[in-house]
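Asker: Just need the whole structure built from these sequences, with the hints factored in.
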Amino acid sequence: MTKTLLSIRGVAKAYQGRTVLDALDLDILDGEFLTLLGPSGCGKTTLLRLLGGFEQPDQGEITLAGESITALPPERRPLNTVFQHYALFPHMTVFDNVAYGLRMEKRPRDEIRQRVTEVLTLVQLQDFATRKPHQLSGGQQQRVAIARAVVKRPRLLLLDEPLSALDYKLRRSMQIELKRLQRELGIAFVFVTHDQEEALSMSDRVVVLKDGVIQQMGTPRELYERPANLFTARFIGEANLFPGRVTGLEAHHLMVEVLGLPRRLRRPAFAVSAGDAIQVLLRPEDIRVLEPSRDAGIPGVVIERNYKGSTLDSLIELESGQQVLASEFFDEDDPTFDYSLGERVRVSWVDGWEWVLPDDGKPVPEEGA
Amino acid sequence: MTRWLPRTYLALVYLLLYIPILVLVVFSFNDARTAYRWGGFSLRWYEALFNNQAMVQAMWNSLWLALAAATVSTLIGALTALALHRYRFRGKPMLQGMLFVVMMSPEIVLAVSLLALFLMVGLQLGFVSLLLAHVTFCLPFVVITVSARLRGFDNRLLEAARDLGASEFTVVRTVLVPVIMPALLAGWLLGFTLSLDDVVVSTFVSGPSYEILPLRIYSMVRVGLRPEVNALGTLLLVFSLTMLLLSQWILMRSNR
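In order, the protein sequences belong to chains A and B.
Quick note on numbering: the first sequence equals residues 20 to 388 in the numbering used here.
Quick note on numbering: the second sequence equals residues 1040 to 1295 in the numbering used here.
Derived CB-CB ranges, DEER-like:
id	chain 1	residue 1	chain 2	residue 2	range
1	B	M1220	A	T330	54 to 60 Å
2	B	V1216	A	L91	22 to 28 Å
3	A	A42	B	Q1287	52 to 58 Å
4	A	T330	B	F1128	55 to 61 Å
5	A	T149	B	G1272	44 to 50 Å
6	A	R95	B	M1220	27 to 33 Å
7	A	R150	B	T1281	30 to 36 Å
8	B	F1128	A	G340	53 to 59 Å
9	A	H104	B	V1277	41 to 47 Å
10	A	T149	B	G1130	46 to 52 Å
11	B	Q1287	A	T149	23 to 29 Å
FYI, nobody ran anything at the bench for these hints, they're computed from the structure.
This structure is a prediction, so every number in the text was calculated from the model and none was measured.
A virtual CB, placed ideally from N, CA and C, is assigned to each residue, including glycine.
Answerer: Set out below in structure tokens:
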């Protein structure tokens, strides 16, 4: 399971002088579910197209199980792609679509029939074999596209934002189905998405890309709890970032002044010295909202409340003008727990739940950008 | 009044358009010898038509020519449309514009210039000169029909086929051609009908060795209107309408 299946070394690609991928190194392990995550234009789709053989890298090498496939055309690479808008052949039935790859391999008739039926059963479309693609719903077309790719038994399946055209509910159920398929097939999936929620819930490992450079690579938990930089922190999940300044150093701790409060935090992995600007990351569920009469924390005013069913999300504006997002679970003992707009509260957190990041000096991007 | 006025107007327009055709069809079944008086139903002019050896020969010649011209222009036109769709090259807008020039320019200009060209290179006027001329004026129609289909073509289908193991040639054979087939057929039919009823260009570039139907009719009419021409006109009308409906049906069935 932990064997490297595909490795990308120093791959670079530019279009008309604009660098899309910059000397990228990446190893994909056998059987893993790897997600390439990033905002649009980050190079994730280009990377996928390089793997599929639809583009040639300007530099660098791609090897599959030790053999270079950099110069191989798509039809000679033992990996298959699920395209963004499925790209099903409109003039063929579902059966013929799925059989296409096997016919190209000149497999015997009986074997084709058997393997296609098998894989159609796997995606629960055995009763739709004689339909044409336009007679299927979006979710069904999606499953045909997956069946068509996996029937070739590739070493690696490439998926280019395969769920982006589906509505929310269908997307959720397809996420579960994809995970199930990946477990049953036991092949590596490389999944491209810009949806961080999707990336976190499906992947074994996530690669965060921005401007053609890998920002961070790790398990969903690592990315969420221990982001490597401010970009990842902001891109994955909701983030409250409090600017602070280092006032003193100890062996394992850091004396920090954050929002005007002196705090003793765990010392981060990166090099710090006294006087450095840092950012303290706190996820909404790590925020504690206290009564205004308490003297801990920082005073603020509730400016928005959002009932989410299992949690109550509130937006609190501090006196400094900074807004803090807090997400609290409902308490069984206090069913009427709620805030009113304009209510005065104090905001705090439990020491040790924070994550310290170096301040890269870049301005906070606009919400939703 | 406001209601029946537009309707009457419309009826008049259509009447004016279709009365001549209707008269032609009705009188093709006229038993009388003079073409202006009804003398009872008869198929004698159809009979006379098929007994006219020169006429039947001209009909076959025309069909042959239309078949060849439609096929050749579909082949060249489809490849041109593909090149225009797939590649960016120097002079592409000019090439596209020139196709429209051929389509829009008066037929007589095309006819004269083609004749001049054929005389200059010393080509004997006959089947070959007719074929070259017909291919020339059919070509833009095929290119436009096929281009319209290609605009809606998802290029990822080609990538998907490559991804599944098809070589470039196999992709064209198993994916590209089947998907654009309706446009190829429609373009072919269009070329076929255009070639079949062309008079102007054909008058200039045909020779005595190869007489075609429209020219034969034209020469017949010049010496006086004969009822056989009505019968022939009716047959041609039915044939053209069938072709037109066929091509529309093919296009509609594929444009889901």
